[in-house]
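The listed protein sequences correspond, in order, to chains F and P. If you count the first sequence from 1, position 21 lands on 21 in the numbering used here, and the numbers rise without skipping. If you count the second sequence from 1, position 133 lands on 133 in the numbering used here, and the numbers rise without skipping.
For the record, the hints were derived by calculation from the structure and aren't laboratory data.
Pulled from the structure, derived: some chain P residues nowhere near chain F, Cβ distances all over 12 Å: (1) G13; (2) R18; (3) F32; (4) Q38; (5) P39; (6) L40; (7) D42; (8) G111; (9) T122; (10) T138; (11) G146; (12) L166; (13) N170; (14) T185; (15) L203.
Facing chain P, a subset of chain F residues (Cβ under 8 Å, in silico): (16) N36; (17) S38; (18) L39.
Don't be surprised by glycine CBs; every beta carbon is placed ideally from N, CA and C.
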Amino acid sequence: VTVDAVGRLLSLTIDCATADEAERITSDLCDQLLVNPSLETFSVSVGEVA
Amino acid sequence: VSNPRAAVIVFPGSNGDRDLLEALRAAGFDSFPHPSGQPLPDDIALAGLPGGFSYGDYWRAGMLASQESAVRGLAGLVGRGGLVIGVCNGFQILVEAGLLPGALSYNDPAGFRHRWVTVRCTLETDSPWFRNVPNGATLRLPIAHGEGSYFHPGGFDAVRSHAPLLYEENPNGSVGDVAALLDDTGRVLGIMPHPERAADLDLGSADGLRLFAGAYRAVTRDPSPVARRKKASGLQPPASGKKPVDTLPSATGVQR
Numbered sequence: 001v002t003v004d005a006v007g008r009l010l011s012l013t014i015d016c017a018t019a020d021e022a023e024r025i026t027s028d029l030c031d032q033l034l035v036n037p038s039l040e041t042f043s044v045s046v047g048e049v050a
Numbered sequence: 001v002s003n004p005r006a007a008v009i010v011f012p013g014s015n016g017d018r019d020l021l022e023a024l025r026a027a028g029f030d031s032f033p034h035p036s037g038q039p040l041p042d043d044i045a046l047a048g049l050p051g052g053f054s055y056g057d058y059w060r061a062g063m064l065a066s067q068e069s070a071v072r073g074l075a076g077l078v079g080r081g082g083l084v085i086g087v088c089n090g091f092q093i094l095v096e097a098g099l100l101p102g103a104l105s106y107n108d109p110a111g112f113r114h115r116w117v118t119v120r121c122t123l124e125t126d127s128p129w130f131r132n133v134p135n136g137a138t139l140r141l142p143i144a145h146g147e148g149s150y151f152h153p154g155g156f157d158a159v160r161s162h163a164p165l166l167y168e169e170n171p172n173g174s175v176g177d178v179a180a181l182l183d184d185t186g187r188v189l190g191i192m193p194h195p196e197r198a199a200d201l202d203l204g205s206a207d208g209l210r211l212f213a214g215a216y217r218a219v220t221r222d223p224s225p226v227a228r229r230k231k232a233s234g235l236q237p238p239a240s241g242k243k244p245v246d247t248l249p250s251a252t253g254v255q256r
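Given only the sequences and the hints, what does the whole structure look like? Please build it.
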């Protein structure tokens, strides 16, 4: 068995108008703080909270 | 003439701040603790980021600390000619703050390592930190870390010219055996072993003091007190013939 990657899942609740805005805010957070691009990558998925 | 001032930034979770304060003091600095949440004073010649577990190493080691006010002021200090050293967790913070490239990750093989290591200077550099450590010199220093594996996406070739110290026996899987890293100016040093814990022969080695003494020489343009005590301590004399770094602050912290 080989492990190619170890991931972390972070769930955020963002108060904003659209899904696009939520994705932009989350991506900015990853770029600026949550992810070290030398070592890590990230992906964002957006869902609506009722 | 007063001694040059050196701020040791204390984060929640730091545990090496007192050792760093003492080592800087032994080299000739007027060192003092500085809370990480407050802006750096303008009159310092040097800032040190100690070892420890800032903010419990949550998310990534050094990530939360890199957002602190004092850390955000480091670029300005370097721009004014000041010196910065980050030891162990301090090295992780400098990387997370973008002052040094790459990343520090979990040791490979995984696990916390604490023992003495030998590192070799493999760089001919005018860095103030290496005035007393010429190319080819070896230092015996202790390590104590779980996330000290240095990584750069470009591999060792991308950082070779900025890596002044390499492990003789790699303890953590760092690319190219990298134990320390300099920025482009040579004034910012990140180092994974602990020179401040090898700053007195009673501790098992005084090799680490050579780095701090070099910084003192660069800041004051004067022989370090360490050099004067070399006979008693067994330290090697400082390297001669190095050109001074003209942008360094004077002993009073005022730009010349």
